[in-house]
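Engineer: Please take these sequences and the hints and turn them into a complete structure.
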Amino acid sequence: MKFIGIDLGWRSGKSGLCCLQYSDQKLKILDLDCILETEDILNWIDNLTPLPTPALIAVDAPTIIPNQTGTRLPDKLTHKYFGRYHAGCYPANLNRPFAQKTVNFGMSLTAKGFIHAPTIEPQQPGRFQIEVYPHPAIVNLFGLEKILKYKKGKLADRKSELLKLHQYIINILTTLEPTLEISENFLDTENINSIATLKITEDKLDSLICAYIGAYWWYWGQAKNLVLGDDTTGYIVVPERLAPLRGSQNSKFKSECVILRGPQNVRRTSDSQKY
437 MKFIGIDLGW
447 RSGKSGLCCL
457 QYSDQKLKIL
467 DLDCILETED
477 ILNWIDNLTP
487 LPTPALIAVD
497 APTIIPNQTG
507 TRLPDKLTHK
517 YFGRYHAGCY
527 PANLNRPFAQ
537 KTVNFGMSLT
547 AKGFIHAPTI
557 EPQQPGRFQI
567 EVYPHPAIVN
577 LFGLEKILKY
587 KKGKLADRKS
597 ELLKLHQYII
607 NILTTLEPTL
617 EISENFLDTE
627 NINSIATLKI
637 TEDKLDSLIC
647 AYIGAYWWYW
657 GQAKNLVLGD
667 DTTGYIVVPE
677 RLAPLRGSQN
687 SKFKSECVIL
697 RGPQNVRRTS
707 DSQKY
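Each residue of the sequence shown is one higher than the one before, counting from 437 in the numbering used here.
A portion of the hints provided could be inaccurate.
As the list claims (entries may be wrong) - Keeping only pairs whose Cα atoms sit at most 30 Å apart, straight-line, the calculated DSS-like set for lysine-lysine is:
hint: 1; residue 1: K450; residue 2: K464
hint: 2; residue 1: K660; residue 2: K582
hint: 3; residue 1: K600; residue 2: K516
hint: 4; residue 1: K585; residue 2: K660
hint: 5; residue 1: K635; residue 2: K590
hint: 6; residue 1: K588; residue 2: K537
hint: 7; residue 1: K462; residue 2: K590
hint: 8; residue 1: K450; residue 2: K587
hint: 9; residue 1: K462; residue 2: K600
hint: 10; residue 1: K450; residue 2: K537
hint: 11; residue 1: K450; residue 2: K635
hint: 12; residue 1: K548; residue 2: K464
hint: 13; residue 1: K450; residue 2: K588
hint: 14; residue 1: K516; residue 2: K462
hint: 15; residue 1: K635; residue 2: K462
hint: 16; residue 1: K600; residue 2: K588
hint: 17; residue 1: K516; residue 2: K590
Said to hold, decoys possible - So the derived label-pair ranges between C-beta atoms look like this:
hint: 18; residue 1: D469; residue 2: I631; range: 17 to 23 Å
hint: 19; residue 1: Q536; residue 2: P488; range: 27 to 33 Å
hint: 20; residue 1: K462; residue 2: E557; range: 30 to 36 Å
hint: 21; residue 1: E581; residue 2: E473; range: 23 to 29 Å
hint: 22; residue 1: K587; residue 2: N621; range: 37 to 43 Å
hint: 23; residue 1: Q536; residue 2: E613; range: 35 to 41 Å
hint: 24; residue 1: R520; residue 2: E613; range: 23 to 29 Å
hint: 25; residue 1: G449; residue 2: S619; range: 46 to 52 Å
hint: 26; residue 1: S459; residue 2: S596; range: 15 to 21 Å
Hints are computed from structural coordinates only; laboratory data are not their basis. As the structure is a prediction and not an experimental result, all values here were calculated from the model. By construction, the Cβ of each residue, glycine as well, lies at the ideal position given by its N, Cα and C atoms.
Structural biologist: Here you go:
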């Protein structure tokens, strides 16, 4: 089984791409790259996962957008449940300039046999696609109190936060199940000396996180993941928090998040007009 992570450039700029191979009870990196054109990204996917190769593609972009204006349900839910960590996502609607590109990308994956998987039977081969969002996943997988702020700010500050992410990947994802087998020098972080070189490293690490989320979803399903939304509203898959929160906050978080475990519950939340 292969797991592809795509940190999609929503409007312009390169997309970060990662392919993981699951074999011998371990995940290994097959490729880690940045590519500009959508057609070239799709060709890269075809080369790594020709039909009928089983694979799951995890995309950091809104590939299902049903609403013409306003905000999707999954976007609202990231702010409700992860706003405390500064991990809410950008609102998506069909009037946004990126919408045509991201929705068409999801449709292109569907045409290649990758079906949307807001629910999944764990560890069964197939061709799937899901939407993911690295920030809440990073918070949950690494037990953080706030996101790592490597997206904005001064170069030195962004680099420092990005190097933390690099080290968390090495120190923590290698201890989880499924295990990522990775060396300390899997990515050159010594030559981050400009915004351009930082962005390349950022996109690659984000795509690796996306790919790992995909593997975690396939391996555990809803037992250890949250699903914010469904295939009608759009949805985002987020690993459950591994490290406990302090005091009563932990039980509050767990009790709130139980409503996100399945599409029916999410729809019931939506129907209650809370958002």
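Engineer: Compare the structure with each hint and give your call.
Structural biologist: Results for each hint:
{"no.": "1", "hint": "K450 - K464", "result": "23 Å, holds"}
{"no.": "2", "hint": "K660 - K582", "result": "21 Å, holds"}
{"no.": "3", "hint": "K600 - K516", "result": "26 Å, holds"}
{"no.": "4", "hint": "K585 - K660", "result": "26 Å, holds"}
{"no.": "5", "hint": "K635 - K590", "result": "13 Å, holds"}
{"no.": "6", "hint": "K588 - K537", "result": "24 Å, holds"}
{"no.": "7", "hint": "K462 - K590", "result": "37 Å, violated"}
{"no.": "8", "hint": "K450 - K587", "result": "15 Å, holds"}
{"no.": "9", "hint": "K462 - K600", "result": "23 Å, holds"}
{"no.": "10", "hint": "K450 - K537", "result": "13 Å, holds"}
{"no.": "11", "hint": "K450 - K635", "result": "9 Å, holds"}
{"no.": "12", "hint": "K548 - K464", "result": "24 Å, holds"}
{"no.": "13", "hint": "K450 - K588", "result": "17 Å, holds"}
{"no.": "14", "hint": "K516 - K462", "result": "34 Å, violated"}
{"no.": "15", "hint": "K635 - K462", "result": "28 Å, holds"}
{"no.": "16", "hint": "K600 - K588", "result": "15 Å, holds"}
{"no.": "17", "hint": "K516 - K590", "result": "29 Å, holds"}
{"no.": "18", "hint": "D469 - I631: 17 to 23 Å", "result": "19 Å, holds"}
{"no.": "19", "hint": "Q536 - P488: 27 to 33 Å", "result": "29 Å, holds"}
{"no.": "20", "hint": "K462 - E557: 30 to 36 Å", "result": "22 Å, violated"}
{"no.": "21", "hint": "E581 - E473: 23 to 29 Å", "result": "39 Å, violated"}
{"no.": "22", "hint": "K587 - N621: 37 to 43 Å", "result": "25 Å, violated"}
{"no.": "23", "hint": "Q536 - E613: 35 to 41 Å", "result": "39 Å, holds"}
{"no.": "24", "hint": "R520 - E613: 23 to 29 Å", "result": "27 Å, holds"}
{"no.": "25", "hint": "G449 - S619: 46 to 52 Å", "result": "28 Å, violated"}
{"no.": "26", "hint": "S459 - S596: 15 to 21 Å", "result": "35 Å, violated"}
Hints 7, 14, 20, 21, 22, 25, 26, counting from the list given before, are not met by this structure.
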